[in-house]
Each structure stands twice: as C-alpha cells, then as structure tokens.
Amino acid sequence: MDAFIEQFFNLGVMAKAFPLLMRGLGMTLLICLAVIPLGFVGGLLVALARLSRSAMLRISVRILTDLFRALPPLVLLILVYSGLPFTGIRLSPFTAVCIAFFLNSSAYYGEVLRAGVESIGSGQWEAARSTGLSGRDTFLFVVLPQAVRNVLPDLVSNTIEVVKLTSIASVVSMTELLYSADMARSITFNASPVVLAGLIYLVLLWPAVRLASRLEHRVGT
Amino acid sequence: MERFVDTFFNASVIASTWPKILSGMLITVELALSVVVTGLAFGLFLALIRTAQIRLLNAAIVVFVDVLRALPPLVMVLIIYFGLPNVGLTLPSFAVLWLVLAAVLAAFAEEIFWAGILSVRRGQWDAARSTGLTFPDTLAFVVLPQTIRMVLPPLVNRTIAITKNTALGTVIGVPELLNQATTAVSFLSNATPLMLAAIGYLIIFVPVVLFGSWLEQRFAFRKA
Numbered sequence: 001m002d003a004f005i006e007q008f009f010n011l012g013v014m015a016k017a018f019p020l021l022m023r024g025l026g027m028t029l030l031i032c033l034a035v036i037p038l039g040f041v042g043g044l045l046v047a048l049a050r051l052s053r054s055a056m057l058r059i060s061v062r063i064l065t066d067l068f069r070a071l072p073p074l075v076l077l078i079l080v081y082s083g084l085p086f087t088g089i090r091l092s093p094f095t096a097v098c099i100a101f102f103l104n105s106s107a108y109y110g111e112v113l114r115a116g117v118e119s120i121g122s123g124q125w126e127a128a129r130s131t132g133l134s135g136r137d138t139f140l141f142v143v144l145p146q147a148v149r150n151v152l153p154d155l156v157s158n159t160i161e162v163v164k165l166t167s168i169a170s171v172v173s174m175t176e177l178l179y180s181a182d183m184a185r186s187i188t189f190n191a192s193p194v195v196l197a198g199l200i201y202l203v204l205l206w207p208a209v210r211l212a213s214r215l216e217h218r219v220g221t
Numbered sequence: 222m223e224r225f226v227d228t229f230f231n232a233s234v235i236a237s238t239w240p241k242i243l244s245g246m247l248i249t250v251e252l253a254l255s256v257v258v259t260g261l262a263f264g265l266f267l268a269l270i271r272t273a274q275i276r277l278l279n280a281a282i283v284v285f286v287d288v289l290r291a292l293p294p295l296v297m298v299l300i301i302y303f304g305l306p307n308v309g310l311t312l313p314s315f316a317v318l319w320l321v322l323a324a325v326l327a328a329f330a331e332e333i334f335w336a337g338i339l340s341v342r343r344g345q346w347d348a349a350r351s352t353g354l355t356f357p358d359t360l361a362f363v364v365l366p367q368t369i370r371m372v373l374p375p376l377v378n379r380t381i382a383i384t385k386n387t388a389l390g391t392v393i394g395v396p397e398l399l400n401q402a403t404t405a406v407s408f409l410s411n412a413t414p415l416m417l418a419a420i421g422y423l424i425i426f427v428p429v430v431l432f433g434s435w436l437e438q439r440f441a442f443r444k445a
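Which chain is which? The protein sequence lines are A and B, in order. Residue numbers for the first sequence follow our numbering, beginning at 1 and rising by one. Residue numbers for the second sequence follow our numbering, beginning at 222 and rising by one.
In isolation and in its complexed conformation, chain B is listed as follows (with noise of 0.2 Å):
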C-alpha cells in the first residue's frame, strides 16, 4: 500500500509538479473551447446549407463528413503536422490539433444537427411558410429551435468524445496536460503526474458527462 501512495500519489512530486500540471490543463482547457465554438458552429453551418437543397453542394457536405467520420483524428494530425512543412507550410502544433479536431467534431455535429432537421415535420414548415414567414425565418424561428432540444443529448456526448482527444497533443508535442504529465514521468521516474494528470481531465470533463446524462434524462422519449 506504502509502494502504492509513494508511485502514484507522492506528496513531493505532487509538490513540484502540480504547476506545470496546471499549465498543461489551461492549454488543454483553451484547445477544448476553441474546438468546440469552432466545431459546432461550422457543423451547423454546414446542415443549414443543407437545407438550400443545392445538389452540388450536398454531395460536398457529405463526402466531407463521411471521410472524416471514418479517419482517425490521429492520421490527420500526422498527415498535417509532418507533412504540410515538406511543402512549405509550417503550421504551430496548437493549430494543427484544432484544426483536425474542429472539422472532425464540425462533421459529427453536421450529421447529427441535420438529422434533426429532417425530423421536424413538413407540416411545421408549410404552417410557419403559409403564415408569411420566410425560409429563413421558418428556419431561424419554427423548424431549429426544435432541432435543437431534439439534438442536445447525442451531441453533448459525442462533442466530449471529441474533445477529449485533445489528449492527442501530446503525440506533436502541444504542452498540453497530458504531455505535461508524460514529460515529467519520465524525469522523475514516478508515475504520479499521470495520475495528476488524469484527475485534471476528470475536473475538466466530469461536469460535461453529467450534464449530458442529465440532458438525456430530461429529453428522453421511450418507446413502448
């Protein structure tokens, strides 16, 4: 038990770490927000493009979204990070992750906001059109509002899935929590910043999980 305390919950490295384990969570904190206001906001872009029914642009959307849902975000960081320099075009390590995982979670969130767009009932649109609204407006006031309640649950869970893998920073080397961690267990030779490590993730990610069970009870709708 003695062996176990000292390994992964030494007071000493914990006294000498925890700051650098803090930097890393903020960098981690900071990639996770940009991921997810970028993300979301370009997934939902997208779905409503969807809605012009532009024949084009839709088999556009959906090659996109089906080759990103089927490459691991960790291909794409590689391919990007160590290749792009070859060609010129050196890009920070930062950038690289936010990009690969702001199109990937904007892919996920396409599929799932457009969805829930089909879902609303043609008669929602032919009631709010044949009252004077817009496309638009029926859009913006009638047809997303309900989307929204109806998605909320599958895309909380699926945007923490998506996020979490900011983890894969560590990989290219952003100093984000878990290289933190991985660089200063190999220095000390004591596996304790892992766990402090993954205590951060659990303080960052926790409250989200919760919060998406707690959406999933609340807007659950069983079947018989």
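Bound-form chain A, shown alone (with noise of 0.2 Å):
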C-alpha cells in the first residue's frame, strides 16, 4: 500500500512537478481557445452544406463527415504533421493540431447542430421569412437558437470530448498538460505527475460533466 502511495499519490513528486503542470494547463487552453471555435463554425458550415439545395454539397460533405467519423482523430493527427512534410509542407505543432481538429470536430459538431437544425419545423423559417427576415437572418436569428437549444445536451458533451481530445497533442511533441506531466513522469521514474494531470483534467471538466448528464436526462423525460 506505501509503495502505492509512493509511486501514484506522492505528494512531494507532485509539489515539485506542480508549476510544470501549470505551464502545461496554460497550452491546454490556449489550444481550447482554438479548436473549440474552429469545430464549432466548421460544424456549422458542415450543417449549412447538408441542408443545401445543391445535391452535390450534400452528398459531398456527406461523405467527407463520414469518412471523418470512421478516422481516429490520432490517426488524422499523425498524417497531417508527419505526412505532410513529405510533400514539403512542413507545419507547426500547433497548426497540425488546429487542422486535425478542425477536420474531427467539424464532422461531429455538424451532425449535431444538423439534428438540432433539422428539430426546427418549417413552420419558423416560413413565419420568420413572411416577417421580412432574410434566408441568413432567419438562420442565425431564428432557427438557429432554437436548433443549439434543442441540442445543447449533446454540444456540450461534445466540446467536453474535443477538451479530452487535447491530450492527444502531446504525441506530436505539444508541451500541453499531458506532455508536461509526461514529462516529469520520466524525470522522476514516479506516476505521480500523470495522476496530478488526471486530477487537473477532472477539476476542469467535472462541472461540465455534471451538466451534460443533468441535460440529457431532462431532456430524455
């Protein structure tokens, strides 16, 4: 039992690992404040293109969310920072990063915000139009907060996966949260740096998971 407490709850390996991790958080959000938004408009544009006139967006963008859905977000990750610089395209971290979400979100976001759009009878954008709101006012002043309303269990479980998804920035050499706490993880040949960023993760998601189940099962009654 000591040797567990030593190797996964050492709270002096912690102390000395804490300002790292902080750094580390730091990069977490900062890479948050990216790719949330990103996700979030790409999605949009996602929905917009699957409600579209023209069947060739449909089935085109249709298919591209598909085929985002079925790749590991590691996978897509991987191929745009170590695949690219064959090409002699040769990209930062950070923008890898962005791109790679940008492709993962957007697909999930879209079929999200689709289902809420989609919820929205016909009976408001022909109430909202014979107003004298535009096709685009109607969208973004009508439908719209009723579409992200009637979704809103599922957009924050989402953005709470993409929060998650983060993590997986650390592969590609991010010194976000993970990375640090990796770090320190093989300075120190102790767990104790992983389990503290577990911690971090927990207090800065708990609250949005609490929410998310609170949401969905008001909904589902």
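Worth double-checking, as some hints may not be accurate.
Now the stretches of chain A that chain B is said to cover, found in silico as 3 or more residues with beta-carbon under 8 Å [what the hints assert, rightly or not]:
1) 13-27
2) 191-199
Negatives, chain B to chain A, calculated, CB over 12 Å [as the list claims (entries may be wrong)]:
3) 233
4) 294
5) 310
Pair ranges (Cβ atoms, derived) [stated by the list, open to error]:
6) 277/B / 18/A: 20 to 26 Å
7) 435/B / 57/A: 17 to 23 Å
8) 348/B / 52/A: 28 to 34 Å
9) 362/B / 57/A: 45 to 51 Å
No wet-lab data here; the hints were simulated from the structure. From the three backbone atoms N, C-alpha and C, an ideal C-beta is built for every residue, glycine too.
Two chains, each in its own frame: build the complex with the hints.
Okay, here's the thing in structure tokens:
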C-alpha cells in the first residue's frame, strides 16, 4: 500500500511538478480556445451544407463527415503532422493540431447541429421569412438559437470530448498538460505527475460532465 | 502530382509493407471487438444494478461514470502502463489499452442505458407488474426491449468514437494499425504506410458509421 501511494500519490513529486503542469495547463487551454471555435464554426458550415439545395454539396459533405467520423483523430493528427512534410509542407505542431481537430470536430459538431436544425419545424422558417427577415437572418436569429437549445446536451458533451482530445497533442510534442506531466514522470520515474494531470482534467471537466448528464436526463423525460 | 503519388501511394512501399499493415489491422479489430463486447456488457450490468436503487451503489456508479467521462483515455493509459510496473504489477500493453477503453465505454454505455430505462414510462412498469411479472421479468421482457430501441443510435455512435481510440495503443507500443504504419514510415521515409493505415481504419469503421446513421434515421422521432 505504501509503495502504491509512493508511486501514484507522491505529494513531494506532485509539488515539484506542479509549476510545470500549470504551464502545460495554459497550453491546453490555449489549444481549446483555438480548436473549439474552429470545430463549432466548421460544424455550422457542415450543417448548412447538409441542408443545401445542391445535391452535389450535400452528398460530398456527407461523405467527408462520414470519413472523418471513421478516422481516429490520432491518425488524422499524425497524417497531418508527419505525412505532409514529405510533400514539402512543414507545419508547426500547433497548426497541425488545429487542422486535424478542425477536420475531426467539424464532422462531429456538424452532425449535432444538423440534428438541431432539422428539429425546427418549417413553420418557423416560413413565419420568420414572412415578417421580412432574409434567409440568412432567419437562420442566424430564429432557427439557430432554437436548434442550439434543442441539442444543448450533445453540444456540451461533444465539447467535453474535444477538451479531452487535446491530450493527443502530446504525441506531436506540444507542451500541453499531459506532455508536461509525462515529461515529469520520465524524469522522476514516478507516475504521480500524470495522476496530478488527471486530477486537473477532473477539476476542469467534472462540472461540465455533471451539467451534460443533468441536461441529458432532463431532455429524456 | 507525381511527387504526391510517390509520397502517399508508392507502389513499391505498398508491396513491402502491406503484410505488416494487415497484421496491425487484425490487432486493431481484435482490440476493438474485445472493447465493444466487454464495455457494453459491463455498462448494461451497471445500469441494471442502478435500477435496484441501492443508494450507496448508485452513488458509486455515478462517481465511476463521471470520472471516466472526464478523464482523457490517454491519461489513464499512461498512468496504468508506466505506473503499475513500479509497484510490481506489469500488464501487457494490449491489456492496458483494453482495460481503459472498456472501462470508458462501460461508463458512457451505463449513462445511455440508464437514460433509456428512465424514459420508459412508469405505467409500463405498473402494468407489467400487475399482470404478475416479477421485477426482473418486467425489466428483461418489458422495459429493456423498449430501452434498446431507443438507445441504439446514440450507443452506436458513442461506441465508434471510443473504439477508434485503439489508435492510442501506438503510444505504448501495441503493435496495432497506426503503430505498424508509423514504424514503417520512419524506416522508409515515405508516408505511404500512413495512407494505408488510414484506409485500413476506413475499411473497419466506415461500415459501422453508416450503420449508425441508418439507425438514426430509422429510429428518429422528430419534434414539431
């Protein structure tokens, strides 16, 4: 038992690693700040394309979202980060993360938002258009707000997934939370820094998880 | 264009690496199936326990689910894979990945099953019980069949998203699809194995994604 605490909950090691992890957390938040809006806007475009009158656009976007939902995000990230340089395109890890996450999250946000938009009856469109609102204004100010409210639980849980997913940026050596923790682990031969990183993710995400779970159950009944 | 083909679809690289890629694909499928079967079974088991309404057990399940929903799988993989050997317990990397992903899937599946069970109306329970069915019979023959129908689409989508994480195995050296590809890439200085791996993942997961969307359309109930 002592060996277990020594290895996983070593307060001395945790205290030493803490400043490093805090810097890592800063980077994690920065990545989130970049990739969540990117994914959401991408998802909005995907949802719009799926509702478009052009069958070409609908079908090609449908195929793309299916492909990106079938591809593991880590594969996408490594493909962008280590595949592209062979063609002479060299990207910084941050740019690679942004591109890979954009492709992956747009597909997921897109599916959620599409379901939201489809849940709004055509009467809303017609009523809004008949008051003189343009098509764009109808979408932005009438349909979208209601759509977002209808799929709020899915949006929240999808965003939690994106935040958790930023941990794979460690694989392309971005010095985010998990990378810093794993560096501290390999220096100290002690898993406590990674446990501490886990605790930080918990503190960060537990409120969101509670919220998502409450929203889900409320909508279900 | 020629350079692109040479980099990403190099015929001689394909010829020399496809057996490795194929063996990685088999391990990915093996892992995926173990995760899906054990994760879903354990998730359903937890949801069933929750119907017994034992307060302490319920609280434990909620904590388990919340923690596994909030932690990135890669964090858990690293803690278990690098931490346990130092306390005298060495697990093969395949087992570590399987354990973590099955636990994560169980947590998400429990939530989905539980939400489904809750959404079956109280009257269904009352009616079934009043015909003389026992509690377990009511659960098994009246409530669960209605639940499964309702939860199938979200369950399939979630299962795909979690099972795709088998690619994380590459970080701890599970010789799965992505790992085989990255090893070959660094040997041959050519990106073709990565493309093969991507195609391999598409072959495995696109059918399941399509099945998921088909289920969604079939069981969708629209609000006005």
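Each hint, compared with the structure:
no.: 1; hint: 13-27; verdict: violated (count 0)
no.: 2; hint: 191-199; verdict: holds (count 5)
no.: 3; hint: 233; verdict: holds, 15 Å
no.: 4; hint: 294; verdict: violated, 8 Å
no.: 5; hint: 310; verdict: violated, 10 Å
no.: 6; hint: 277/B / 18/A: 20 to 26 Å; verdict: violated, 34 Å
no.: 7; hint: 435/B / 57/A: 17 to 23 Å; verdict: holds, 22 Å
no.: 8; hint: 348/B / 52/A: 28 to 34 Å; verdict: violated, 47 Å
no.: 9; hint: 362/B / 57/A: 45 to 51 Å; verdict: holds, 47 Å
Hint compliance for this structure: hints 1, 4, 5, 6 and 8 are broken, all remaining hints hold.
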